[in-house]
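A.B. asks: Modelling step: build the complete structure from the supplied sequences, incorporating the hints.
Chains as they are written, first to last, in our numbering: chain A, 1 to 513; chain B, 1001 to 1143.
Worth double-checking, as some hints may not be accurate.
[Claimed, not checked] According to the in silico footprint, chain B covers these stretches of chain A (three or more CB under 8 Å from chain B):
hint, segment
1, 36-50
2, 389-401
[Unchecked claim] Computed spacing ranges between beta-carbons, pair by pair:
hint, chain 1, residue 1, chain 2, residue 2, range
3, B, 1114, A, 3, 53 to 59 Å
4, B, 1055, A, 145, 58 to 64 Å
5, B, 1040, A, 414, 34 to 40 Å
6, B, 1065, A, 139, 53 to 59 Å
7, B, 1084, A, 203, 17 to 23 Å
8, B, 1140, A, 377, 44 to 50 Å
9, A, 358, B, 1027, 38 to 44 Å
10, A, 242, B, 1110, 25 to 31 Å
[Unchecked claim] Facing chain B, according to a computed beta carbon distance under 10 Å, are these residues of chain A, among others:
hint, residue
11, 8
12, 12
13, 170
14, 435
Simulated from the structure, these hints should not be mistaken for laboratory data. Note that the structure is a prediction, hence the values are computed from the model and not measured. Positions of the beta carbon are idealized from the N, C-alpha and C atoms, including for glycine.
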Amino acid sequence: MDTFMSLADGFAIALTWQNILLALLGCFLGTIMGALPGLGPSNGVAILIPLAFTLGLGATPSLILLTSVYYGAMYGGRISSILLNIPGDEPAMMTCLDGYPMAQKGMAGQALSLSGIASFVGAFFATWGLIFLAPQLVKIALLFGPAEYFALFALAFMTLGGVSSTNQAKSAFAAALGLGFAMIGVDTQTGVPRFTFGEVHLYDGLDFLVAIVGLFALSEVFIFLEHRHGDADGTASKIKVGRLTPPLSMLKQTTPTMIRSTLLGFLAGVLPGAGASLGSFIAYSFEKRLVDKDGKTFGKGDPRGVAAPEAGNNAAAGGALVPMLALGVPGSGTTAVLLAVLLSLNITPGPLLFSQNPDVVWGLIAALFIANFMLLAMNIPMVGLFTRVLMVPPRILMPVVAMVSFVGIYGISGSSFDLLVMVGFGMLGWILRKFDVPLVPIILGTLLGNAMENNLRRAITIDNGNWLTLVDSPLSITLWVIAIVGFILPLIIGRKVKSKMHARRDEEGSLAD
Amino acid sequence: MSDRIFGLVGLLIAIGFAFAALAIEESFLSDAVGPKAFPLIIATILGLSSIAIALKPDDAPTWPSLGRFAEILAAAVVMMLYAELLPVLGFVIATAFAAAYLTWRLGSGMVATVLTGVGTSVGIYVIFHLVLGLSLARGPLGF
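C.D. replies: Encoded structure:
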């Protein structure tokens, strides 16, 4: 009952004109960013964070804006998958498989509206899942001491590579690199400068927003410069959208699919290191195995093959918010970026968030519900508008992305030094993407490095310098075991899943959701 | 081969990081762990993973041709120049040039280049500065 009271309070917070407008703006921008190939949810949110700050938005409004972008991008990704056979973002990869064949059969409109409904079902029920699961997780997390937190952070890093990276060594490398970046600056406990090389600008540490925008947004610009994707101009106009409502029989046929995929996607989202790409992948493969054993219809324009990945990826997007809000440990790229928002607003995510800032949590959850309905409205009747956006060629889009990134970062600090660091991170991001090193662990390391170190030092100081205190309680031992299994298991069984997933992967899709 | 070089460079970074960590001056007021321990753990992980990458390399990525590579470097240089010149030239002029350069290199024609450059710059100025009130770099001409 408490839950519903809190939710009602949340709606009271979310239903102000400012917040509704922000949610609307976020949904609109998010759908566009999801639809445009090369701009995924993590890019989209990353570019907008500095803007949200410089506009002086408070914690709840900023989060409402940015999570609306996040949900919106999850909806938008399918548009270019269906119309162009180019996934708008990585989670929408699986939607190409059946969405594009449907469009070729002249059923583009039906595919778009069906996938819109599937997205809604996935996101709507995942938000309910978030409401009920997050407080349970909080109860466990309240038992955590510094040693358990240290183990939890280690778990997040060790499982993050998990299913989405091809090479565990590279995930570990990325995590260590990110943690290393976090060490730059004055040590918070003793006040000695570390790794600053006498550069005064570095005493405050690297601003993780600079790192995020550089790694995500600028590296994308470099990737486009490398390939010069100018040739995708205006192909969207060739496909006729056709009728925009799916027939009732199709809805009936796909309802069980949506329910199954929502469940699977949500679970995939909650698990650390998985995220929406895995959600859509699992949902699609499971559905294919279940209803199309002989491989006759899937891949040739089966509506169920459109509904499954879309319900799956949107449910996973909601699921990924659970560990981020309840534990302060995000499981995917975009939730890592959202964590950066919380940290910059001086809000400590984790179990205390629910007791100290209930307005933020419940306002956000209510806003997610509102955003979902807005997105449903935007994505079915107004989908034509977004298909037109697809005709903006990258040669115009990418300079705008780069310049908006610069504006945002400059707006926060007003320093050229930060811009230089950002360009450096952009180059680094490009190189690492060439080597197939995942970028998300770097971001997570930069974000969580200091908290992880503080917990380590606190735990050991409390126990008078005894390092064994780290594995002293059943809870922390459990976390370490999960972490180690999570790191080793993909080495053994992961190769199969990965090679399947990567076989379908677009060359520019190397960012996790 | 690419991965072997990558691993080697990673190992060098890890060693450098470890030396830099050892060089941290400890203050007389320190906790039981001190400021060096965690960076040293990180350096170890960085080093071990680099060795693993070097020993078990993936397939080499497809590297761009020298021309494309120069293209990316040139864009990075332009962005750095942009960062340095932004406070000198002011937002509108600097951004117009930088955006024009990028769209030109991404394949726009002459007219489109000028239009995109000026359009991006003025568009951002109007939306972010005039409408939303964000403070942008002010040049000698006041914008």
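A.B. asks: Does each hint fit the structure? Answer for all of them.
C.D. replies: Hint by hint, here is what the structure shows:
Judged by the Cβ-Cβ criterion of 8 Å, the segment 36-50 of chain A is not covered by chain B as claimed, because only 0 of its residues qualify and three are needed. With 6 residues having a beta carbon nearer than 8 Å to a beta carbon of chain B, the segment 389-401 of chain A meets the requirement of three or more and the stated coverage holds. The hinted range of 53 to 59 Å is satisfied by residue 1114 (chain B) and residue 3 (chain A), whose Cβ atoms lie roughly 57 Å apart. A hinted range of 58 to 64 Å for the beta carbons of residue 1055 (chain B) and residue 145 (chain A) is inconsistent with their spacing of about 38 Å.
Between residue 1040 (chain B) and residue 414 (chain A) the beta carbon distance is about 36 Å. The supplied range of 34 to 40 Å therefore holds. One distance hint, 53 to 59 Å for the beta-carbon pair residue 1065 (chain B) and residue 139 (chain A), holds here, with the actual separation near 57 Å. Checking the proposed 17 to 23 Å range against residue 1084 (chain B) and residue 203 (chain A) shows it holds: the Cβ atoms sit about 21 Å from each other. Our hint of 44 to 50 Å for residue 1140 (chain B) and residue 377 (chain A) holds, since their Cβ atoms are close to 48 Å apart.
Between residue 358 (chain A) and residue 1027 (chain B) the C-beta distance comes to about 39 Å, which sits within the given range of 38 to 44 Å. Separation of residue 242 (chain A) from residue 1110 (chain B) is about 39 Å and departs from the stated range, judged on CB atoms against 25 to 31 Å. A hinted interface residue such as residue 8 (chain A) counts as satisfied when its beta carbon comes closer than 10 Å to some beta carbon of chain B; here the least separation is about 32 Å, so the hint is violated. At about 27 Å, the closest approach between the beta carbon of residue 12 (chain A) and any beta carbon in chain B exceeds 10 Å, and the interface hint on this residue is violated.
Nearest Cβ of chain B to the Cβ of residue 170 (chain A): about 6 Å, under the 10 Å cut. The hint holds. With its C-beta approaching chain B no nearer than about 5 Å, residue 435 (chain A) sits inside the 10 Å limit, and its interface hint holds.
Checked against the numbered hints above, the structure breaks hints 1, 4, 10, 11 and 12 and satisfies the rest.
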